[in-house]
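Engineer: This is what each chain is made of:
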Amino acid sequence: MEFKKIDDLMWEIDKDFKKGMNVPIRILATKSMLDSMDKQVFDQAANVASLPGIVKHMYVMPDGHSGYGSPIGGVAAFDIDDGGVISPGMIGFDISCSVRLILTNLEEKDVKPKIKEIVDKLFRKIPSGVGAVGNVEMSDEKIREMLMYGAKWAVDNGYGWKEDLSRIELNGVARYADGAKVSQKAKVRGRNQLGTLGSGNHYLEIEVIKDENIYDKPIAERLGLFSNQVVILFHTGSRGLGHQIASDYLEKFNSIMKSRYNIIVNDRELAAVPFNSEDGQDYYGAMGSAVNFAFASHQVITQRVREVFSEVFKKSPDSLGMNVLFHVAHNRATLERHEVDGKIRNLLVHRKGATASYYPGREEIPEPYRDYGLPVLVGGSMETASYLLLGSEGSRETFCSTVHGAGRVLSRAEAKRRYKGEKIKEAMIKRGIYIDATSLGGLAEEAGSAYKNVSEVVDVVDKLGISKKIVKMLPIGNIKG
Amino acid sequence: MGYRFLSDVTSADIALKVEGRTKSDLFKSAAIAVMKVQIDDSKLSNRLKKEISLSCKNLDCLLFRFLNEIIFLKDSERFVFGKINLKIVENRDGYALSAIVHGETISGKHKQMVDVKGVSLHKFNVRKYRGKYYATIVLDV
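These protein sequence lines map, in sequence, to chains A and B. Numbering-wise (the numbering used here), the first sequence opens with residue 1 and increments by one. Numbering-wise (the numbering used here), the second sequence opens with residue 1 and increments by one.
It is worth saying that the hints were derived from the structure and are not from the lab. The reader is advised that the hints may include incorrect statements.
[To be verified] Sample of chain B residues at the chain A side, in silico, Cβ under 8 Å:
#1 Ser11
#2 Lys49
#3 Ile52
#4 Leu54
#5 Ser76
#6 Leu121
#7 Phe124
All C-beta atoms, glycine included, are put in the ideal place defined by N, C-alpha and C.
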């Protein structure tokens, strides 16, 4: 396979690589990252590059690794005025899988002596693992409203603060949501799971910002960040509800895309229909409902985190400064306007395992951050580090998209063969990270060494000017499903 | 008969190769594999049972729907199982499946592995080769 070098950190695979490709593939990576990417990534990216209406390039972020349908770390934009499609497999089953960062005014020295108590209490209060059931009573009427109003519904029902809303993408509500397009099965799965963390790579972490890990002090200070500060970061999505929606529409699109729209795809997982069609709009409305579910679920977890800290430190969450800094998704399709070949076009930007990274001034950025660029939260693997970045001008290249995490280098099966959950837990505790996990097997699959080095991944987008590094956060406590 | 993990199909999720002497064997092995990925079934009792009936025009689609139904039971009723009786019959419209799964509700006594959230159609297939049935399945976890 031939990679054309565009830049030290950008590589291109030509349209001739696979029959049917409409655009070339661009990969953002160092040479060594590129060499170590598993070959499935390029084949999966080529399948996405063959979908109707895709413009400019199919992008693979530096944390790219093989998934299903599209690689994780995949970005593709479709011109909706020129037959561009919507594809559930290019969004991911865990619709609106997201990361949220909550601040405190506590320092490491305040929290470290109580870390075991905090982690144990969080572990009890936030259900996680296989078949976890949430602790929010949901009637049919409540589900209907929640799917329509997302985080706003949650705040109106006592989960979180009004001020949280302007610190969430889309201000916490996907206005295009249409709960009527969500199956009863999806609603049943969602009813049980609001406010649960899940398993796999989902986790909640207590982290510290060390002085040497603040890369831009004036901006960090303006965002409310300071040296030795303790923050809480968590990663979860739309749980079974989002998966059921994706499965329902995947099956439907496979049965109708050829007969109704004459669309043929290389991989059934990438089944797609034109965005501007009744079927496309149905999925868009259903996807929006899953986005709202994820917003609401994050609000419930935020509330639990505030309760636990308040209980442990015997102060109100308000006086502990527990504001949401931001909430960003990395599995979603979003309607945006971008310039392509000198013309502004209406694009449906699909990001699967990729985060938006809007440069300053864009209207998608909630008002408090519009002059800064979109806050981007990058969760590393559970035992390494996380980053806060800000979207910057270089993101014009990638439809305002950036990395979402470290990206796997080992398959789950291989990680499990190499590592033992108990040993990882012991080693983490020795290194000063207190952990509670439902599954030790799951812990082995998520071992830090199963992932790329998150710092190297982040450096690529920082150097390309796509997202600027602001702070790095190191874990001191972790709960995992 | 049984299943094995594939490590060259996907790194983010779980890929399996399942085989069976008959169609029913294949479906049983696939169902048990989906359970074992999630839970250690050594302490699982079979005191509750659930019935599943499904039909579809081909075996691919039947297996996809069947595995999704199992995942739905786990999320909606927290039901997991270790034993399964299953029959597949061919009819004019394709295939019909009827199964009885024996298990119980997930509790603290069960050792958990990883939650399966969906069945992907990436590389998904069922095929017959030299008298045996094989399936490739990628599970989203």
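Engineer: Hint by hint, note whether the structure agrees.
Structural biologist: Hints, verified against the model:
no.: 1; hint: Ser11; result: holds (4 Å)
no.: 2; hint: Lys49; result: violated (18 Å)
no.: 3; hint: Ile52; result: violated (14 Å)
no.: 4; hint: Leu54; result: violated (12 Å)
no.: 5; hint: Ser76; result: holds (5 Å)
no.: 6; hint: Leu121; result: holds (4 Å)
no.: 7; hint: Phe124; result: holds (7 Å)
In this structure, the hints that do not hold are numbers 2, 3, 4, in rising order.
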